Amino acid sequence: MIAHGVETDAQLVARCRAGDDDAWRELVERFSRYVYAIAVQAYRLSEADAEDVFQEVFARAYINLPKLRNDSAVRPWLAQMTRRLCLDTLRASAREQPEDLPEPVGADDTIAKLDEALYVHDALATLPDNCREILDRFFARDESYRNIGDALDIPPGTIASRISRCLVKLKTELEDEGRKPASVESGG
Amino acid sequence: MRHYDEETLADLLRTLPVPPQAWVKAAQEIPLARRGLDDIVERAREDQAFREALIADLETALESAGYETSPALTEAVRERLSF
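Top line first, the protein sequences correspond to chains A and B.
Letter 66 of the first sequence, counting from 1, is numbered 66 in the working numbering, and no numbers are missing.
The working numbering runs 188 ahead of the 1-based position in the second sequence.
Because the hints were derived from the structure by calculation, they are not lab data.
Check each hint, because a few of them may be wrong.
For the chain B half of the interface with chain A, some residues (derived, Cβ under 7 angstroms), not all of them [said to hold, decoys possible]:
| # | residue |
| --- | --- |
| 1 | ARG202 |
| 2 | LEU204 |
| 3 | PRO207 |
| 4 | VAL212 |
| 5 | ALA215 |
| 6 | GLN216 |
| 7 | PRO219 |
| 8 | LEU225 |
| 9 | ALA264 |
To be clear about the criterion: a stretch of chain A counts as covered by chain B if any three or more of its residues have a C-beta under 8 angstroms from a C-beta of chain B, and this derived list gives those stretches [as the list claims (entries may be wrong)]:
| # | stretch |
| --- | --- |
| 10 | 112-118 |
| 11 | 139-153 |
Being a predicted model, the structure only gives us computed values, none of them experimental.
All C-beta atoms in this analysis are idealised placements derived from N, C-alpha and C, irrespective of residue type, glycine included.
Use the sequences and the hints to build the structure in full.
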């Protein structure tokens with residue numbers, strides 16, 4: 001089971017199933033980067049196609065969530081849906097024999113890396129706010145030291161050392177006993 | 189359990205970029221759009237002309253009635269109305 005601060009994927013899905021709109025917003029927030037990354041990194045879709053796939057994945061997820069048999073398997077379920085829709089998009093734009101269009105080379109490896117990245121991102125959510133914010137802004141949002149300094153009201157000259165300290169905290173968090181990679185826990 | 193060094197962690201954090209905020213917001217508002225679906229279904233059950241228009245050309249009928257269509261919405265209307 002992957003912990004996201006206080007709530008697991010299964011608990012979140014259960015709340016969505018019960019019609020809790022806040023839970024749905026949280027679920028979208030939790031998996032939006034993952035779905036987006038599959039579309040643009042594993043399948044190299046254009047931004048326009050990626051947007052269509054992104055919206056369709058969550059629309060179908062919302063409709064079909066009651067049919068999900070294992071609430072804790074929501075991540076691989078979303079990944080599979082995203083992959084299928086990406087492939088459909090590529091096939092629709094292929095000029096010749098679209099039905100034979102294979103999976104892009106390296107898609108499996110890219111998605112395996114994204115699974116690991118999501119696991120690390122989950123661990124990030126357990127860090128104190130200041131660490132979570134600074135690592136997310138610097139690495140995922142690609143913000144400059146100056147922007148981060150302005151946003152968090154800290155001297156830009158101290159940001160590099162803070163990032164370094166926060167990475168050590170993240171490493172420690174991941175090494176805590178009992179943690180396992182998400183791909184192992186969810187069965188892939 | 190895998191042991192991560194700081195460089196690997198940095199690489200993995202970079203691997204999940206943030207999608208455009210407008211995409212996320214639109215996906216978060218799906219429950220609101222879904223309630224629009226409930227309205228469509230209810231109206232189709234009560235308004236024979238609207239139902240016939242939906243059967244004839246689902247997407248055009250929805251757009252004519254002022255709904256913003258999407259593949260997911262049209263599929264859901266089809267499923268709910270069984271046609």
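Status of each hint after checking the structure:
no.: 1; hint: ARG202; in the structure: holds (5 angstroms)
no.: 2; hint: LEU204; in the structure: holds (4 angstroms)
no.: 3; hint: PRO207; in the structure: holds (4 angstroms)
no.: 4; hint: VAL212; in the structure: holds (5 angstroms)
no.: 5; hint: ALA215; in the structure: holds (4 angstroms)
no.: 6; hint: GLN216; in the structure: holds (4 angstroms)
no.: 7; hint: PRO219; in the structure: holds (5 angstroms)
no.: 8; hint: LEU225; in the structure: violated (9 angstroms)
no.: 9; hint: ALA264; in the structure: holds (6 angstroms)
no.: 10; hint: 112-118; in the structure: holds (count 5)
no.: 11; hint: 139-153; in the structure: holds (count 4)
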